[in-house]
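Protein chains: 2
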Amino acid sequence: MRILITGIAGFVGANLAATLLRRGKAVAGIDDLSRGAIRNLDPVRRHANFTFEVADLSDIDAYRRALGKLHAGNPVKEVWHLAASSDIPAGVRDPGVDLRDTFMTTFNTLALMKEFGIPVIAFASSSAVYGDLGERRLTEDAGPLLPISNYGAMKLASEAAISAAVESGLERAFLFRFPNVVGVPATHGVIFDLVRKLAANPEKLDVLGDGTQRKGYLHVEELVDAMLFIREHADQRLNYFNVGPDDEGATVRFIAEEVVRQVSPAARIAYGRGDKGWPGDVPRFAYSTSKLSALGWRPKMSSGQAISMAVKQIAEQEARH
Amino acid sequence: MRILITGIAGFVGANLAATLLRRGKAVAGIDDLSRGAIRNLDPVRRHANFTFEVADLSDIDAYRRALGKLHAGNPVKEVWHLAASSDIPAGVRDPGVDLRDTFMTTFNTLALMKEFGIPVIAFASSSAVYGDLGERRLTEDAGPLLPISNYGAMKLASEAAISAAVESGLERAFLFRFPNVVGVPATHGVIFDLVRKLAANPEKLDVLGDGTQRKGYLHVEELVDAMLFIREHADQRLNYFNVGPDDEGATVRFIAEEVVRQVSPAARIAYGRGDKGWPGDVPRFAYSTSKLSALGWRPKMSSGQAISMAVKQIAEQEARH
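Chains C and P, in that order, give the protein sequences.
Each step along the first sequence adds one to the number in the working numbering, with nothing skipped, and position 34 is 34.
Each step along the second sequence adds one to the number in the working numbering, with nothing skipped, and position 28 is 28.
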C-alpha cells in the first residue's frame, strides 16, 4: 500500500515524506509547485518507494489523472492532505486564494477518495480555526469557532467537510490542529521573514507589531513525530488533536532577538505598533495539548528551543541559496 | 435603502419579505426558483416596495448582474442571505449540492457585498453546525463543531467565511442558528412529508426511524420575529444566536400522531428502525436559547403548538394545490 501526501513539496510535506520513507512506507506525492519547491524533495526523490506527480489539486480533473497514475499498481490506501495556501495575508486580501487552495483541495480530495475507495484521511488543520478567543484555554472542544482569517475559515470548512464525510462512509479521519511550525525547508513564516530581512539589511531589523505577540512554536520534526503517533494510537473514527508545545509559547520579541543573536548580533531591532502582525493574525493564545499528552506524546523541545534550532537551520539554508 | 433577501422564494424568505414590507421596508429579492416557487411570492409581488430578480447565486456573474439591477437607484444596504439547499439527504448523497447551493452562494454574497459596498449581512445558519454532540446543552459557544451532514458542514463553512469577512472590513454580521422551522409555504420537512404521504395513502403512515427523535420546532412567524429582534438589539459586530423554542422539543411520534389526528384520524402509523431518519440526521439535541432570552426575546408557542399550527396550515396548503 501507498500513502499519498498532498502538498508534498511544502515545508511539512517534505519532512513527512522523509520520515515515512525512513520508516519503510511507500510514499506518493502530489504538489502544484506553486509554493512548494521541487528542491525540497531532493532528499527523497531517488528513493525506490517514492513517486511524484505535479498537479493542481483545485482542478479535480488534473487531480484525478495524477491520482490515477499514482494509484495504479500499488494502490493508495491513505491520504495525508497537507496542500493549502500558507500565505494568510494573501487570503485576507483575496478570499479566493484560500477558497481554491485551502478548501477546494480538501473538497476534491474527499470526492476522489470516494471515487478511488481510499478509506483514511489525515488532515493538516490549524489553530486558526479557533479565531481569537482571547486568553481562554484552547482545548479541542473549545467554541465558538469563528476564525478571523480566510485561511482559518477554509481550514474549518475543510474539517467540517471531512467530519461529514466520516458520517457518510469515509472510514477514518485524523485532524491535526497545528500551531506555528518552524524548521527547514522554510518557505514562509516569521523566522524566515526576519532572517531574510536581516540578510538584506544587517544593521536593522524591522518587526511587524510591537513584539508582544506570544504563540506556541513546534519544530517540524516533532510535528511529524506527533502526527504519526496520533495516527497510530488514536482510536476513534474521527480524531481531532491540537498539536503543539506544552509551554506558554514564545514572543515575537524572543524570535527577533534570537535571529539577531545568531545572524547579525550588532543589528538594532525596530518594532511596529499593536499586537497584531497583520489583519487576520491572532495576537496570542493559550493552546492546550493535554489531549495529546493523555494519548502519550510530549514534545522534547520548548517553543524557545524549537525557535533557536529553526533560526540556526534557516540561517544555514539561506546562506546556501 | 433596500434590504436584499437571497432565497426569497423559499419558505423562510417569503415570510421574511412579507414581514419586512409590512414594517415599511423596501425589499429586493433574488432566487433561482430551483427549490423556492414564484407562487410563494404571490402575497408580496405587487407591493410597490418590492423588486425581484431570478438568478443562480452560485454563478457570480449572474449574481452580479441581478444585484446590479436591484442596487441601481435605491441601493442595497443589507443582505439577508437565506439561499441554500434545504435538502439534507441530497447533500449526503452528493456533497457538490451543498458546496454549490449552501456555501458558494455565501462566498459569492460576501464577494459582491465587498464590490458593492454593502456593509451588513444577516445569515440563516443552522443547528446542524453542532453535529451530534449527544445530550450536551448546546449553547452558542459549544464545541467541537463537527457537523455530520454536508449541509451542516457548508453552513459552518459559511459562518466561518462571514466571521473572517468581519475581521477584514465587513461592518456587521448576524448569524442565526435555526432549529427545525415549520409553517407555510412548506416545501420540505418532516410535517410536509408526512402530510403528503397520508394524502397519498390515508390508511397508513410510514415514518422514517422509530419516532423517538426529539427536536425543537419553531414556527416560521416566530423565527422571523426573533431574527428581526436580534437584528435590532444585538450590538456586537459579529452576533451569533441560537434561535428556537425554549422547551425540550417534540418527538417525531408526536408529529406523526398530530398529522394523523388532523388529516386522517383512522390511519395506522408504521415506524421504522433506529433513531435517525437518514444519514446526516441528528437524532436529538438540547438546544439552549438562553442567550436569546437574555437579549429579551421569547417564543409564544411551544414546539408542540408550533407543530399543531403548522400541520393545520400545511394540510390546508396541500388541499388547495
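Be aware that one or more of the hints could be misleading.
One side of the interface only, derived from the structure: several residues of chain P facing chain C at Cβ under 7 Å [stated by the list, open to error]:
1. Pro89
2. Val92
3. Asp94
4. Asp141
5. Ala142
6. Leu156
7. Ala161
8. Leu170
9. His233
10. Ala234
11. Gln236
Examples of chain C residues toward chain P, derived with CB under 7 Å [unchecked claim]:
12. Gly68
13. His71
14. Ala72
15. Asn150
16. Ala157
17. Ala161
18. Ala164
19. Asp206
20. Gly209
No lab work stands behind these hints, which were simulated from the structure alone.
Where a beta carbon is used, it is the ideal one built from N, C-alpha and C, also for glycine.
Evaluated hints:
1. Pro89: violated (10 Å)
2. Val92: Where the cut-off is 7 Å and the nearest Cβ of chain C is about 5 Å from P/Val92, the hint holds.
3. Asp94: violated (10 Å)
4. Asp141: holds (5 Å)
5. Ala142: holds (5 Å)
6. Leu156: Hint on P/Leu156: holds, closest Cβ of chain C at ~5 Å, below 7 Å.
7. Ala161: Constraint on P/Ala161 satisfied, holds at 5 Å.
8. Leu170: violated (11 Å)
9. His233: violated (19 Å)
10. Ala234: violated (14 Å)
11. Gln236: violated (11 Å)
12. Gly68: violated (20 Å)
13. His71: Not OK, violated: C/His71 not within 7 Å of chain P, min 21 Å.
14. Ala72: violated (26 Å)
15. Asn150: Holds - the Cβ of C/Asn150 comes within 7 Å of chain P, reaching about 5 Å at its closest.
16. Ala157: holds (3 Å)
17. Ala161: It holds, given that the least Cβ distance between C/Ala161 and chain P is near 5 Å, below 7 Å.
18. Ala164: holds (4 Å)
19. Asp206: violated (23 Å)
20. Gly209: Since the shortest Cβ distance to chain P is 16 Å, the answer is violated.
Violated hints, in rising order: 1, 3, 8, 9, 10, 11, 12, 13, 14, 19, 20; the structure is consistent with all others.
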